[in-house]
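2 protein chains.
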Amino acid sequence: MSVTDELLRNNEKYAAGFDQADLPTPPRRKVAIVACMDARVVPTEILGLGAGDAHVIRNAGGVITDDEIRSLAISQHELGTEEILLIHHTDCGLLKITDDEFKDKLEQATGRRPEWHSGAFRDLETSVRDSISQVVESPFIPHTDSVRGFVYEVETGRLREVV
Amino acid sequence: MSVTDELLRNNEKYAAGFDQADLPTPPRRKVAIVACMDARVVPTEILGLGAGDAHVIRNAGGVITDDEIRSLAISQHELGTEEILLIHHTDCGLLKITDDEFKDKLEQATGRRPEWHSGAFRDLETSVRDSISQVVESPFIPHTDSVRGFVYEVETGRLREVV
Numbered sequence: 001m002s003v004t005d006e007l008l009r010n011n012e013k014y015a016a017g018f019d020q021a022d023l024p025t026p027p028r029r030k031v032a033i034v035a036c037m038d039a040r041v042v043p044t045e046i047l048g049l050g051a052g053d054a055h056v057i058r059n060a061g062g063v064i065t066d067d068e069i070r071s072l073a074i075s076q077h078e079l080g081t082e083e084i085l086l087i088h089h090t091d092c093g094l095l096k097i098t099d100d101e102f103k104d105k106l107e108q109a110t111g112r113r114p115e116w117h118s119g120a121f122r123d124l125e126t127s128v129r130d131s132i133s134q135v136v137e138s139p140f141i142p143h144t145d146s147v148r149g150f151v152y153e154v155e156t157g158r159l160r161e162v163v
Numbered sequence: 001m002s003v004t005d006e007l008l009r010n011n012e013k014y015a016a017g018f019d020q021a022d023l024p025t026p027p028r029r030k031v032a033i034v035a036c037m038d039a040r041v042v043p044t045e046i047l048g049l050g051a052g053d054a055h056v057i058r059n060a061g062g063v064i065t066d067d068e069i070r071s072l073a074i075s076q077h078e079l080g081t082e083e084i085l086l087i088h089h090t091d092c093g094l095l096k097i098t099d100d101e102f103k104d105k106l107e108q109a110t111g112r113r114p115e116w117h118s119g120a121f122r123d124l125e126t127s128v129r130d131s132i133s134q135v136v137e138s139p140f141i142p143h144t145d146s147v148r149g150f151v152y153e154v155e156t157g158r159l160r161e162v163v
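Going line by line, the protein sequences match chains A and B. Following the working numbering from start to finish, the first sequence increments by one per residue and tops out at 163. Following the working numbering from start to finish, the second sequence increments by one per residue and tops out at 163.
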């Protein structure tokens, strides 16, 4: 049995006990979170959020690209969120690669070199600050009074604010 | 107190009981999930996944753009995942807007028209199938034997496979 099949069995159990059919579409806490895809970073757990509470956007690194701006724009313009939390984390895979090395690797493996940036960064705090700037400076994000950035420590479970 | 401040208080409690300092970086179940950012869709809950089990990538709609290909490429090439689950859901906000209407709205609000596509789609199953194709056809995703797509029913908690 594949892992996917196992997860589908888990879902059958989840659905059997499901009792949240009446949650509205707009996030109850009016918050959107952008975080790394890392398996150790579970934003709802870390922040004590339940189903229906917040939009959660995730990618490799928790960096900001056009796709995060698109998602945040939909979150604020269409679904009423007003605060944004940006979460990078210690021991991130993107601290361990460089853009050139990763692209070289892909080119050697596939014969094609990606046109996108890998997202690799050298310093966590700098990357969080860059992400805050990208969000605040985007013309498409209207609510920027509370755009705060954090480093999640995978060693302690703690969020450390980057100011 | 802002909602963000409340969530930081929740995190202090989480960190106080934290006992997962030793999780390795590569996802234990070797799975990456791409799902919508919707507040009602909590992939770890729906699939019975714990911290450390899977990469979770999320955006508005759960659609595939260059940023999801980037994240999946890093997931497979750098961190050993081999299976992919793509999750859209019923009652999705992207079924309720059109690309032109959303861009008109942003242009009226900001004076600028985004260059990116909004991600809006008209049919859930078609969008899931498009996402599967985009992943399978990407030269940068080496493991494509198990790329499966689902509609999550927010009314029942059940995942329905799209074939």
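None of these hints come from the bench; they were simulated from the model. It cannot be assumed that every hint is accurate.
As the list claims (entries may be wrong) - Footprint (simulated), chain B over chain A, 3 or more residues, beta carbon under 8 Å:
no., segment
1, 53-62
2, 74-85
3, 100-108
4, 121-130
5, 137-146
6, 151-160
Here a beta-carbon is modelled for each residue, glycine too, at the ideal position from N, C-alpha and C.
Outcome of the hint check:
1. 53-62: holds (count 8)
2. 74-85: Three-residue rule met by the segment 74-85 of chain A, so holds; n is 7.
3. 100-108: holds (count 3)
4. 121-130: violated (count 0)
5. 137-146: holds (count 4)
6. 151-160: It holds, with 6 qualifying residues against the three required.
The structure shown violates just one earlier hint, number 4.
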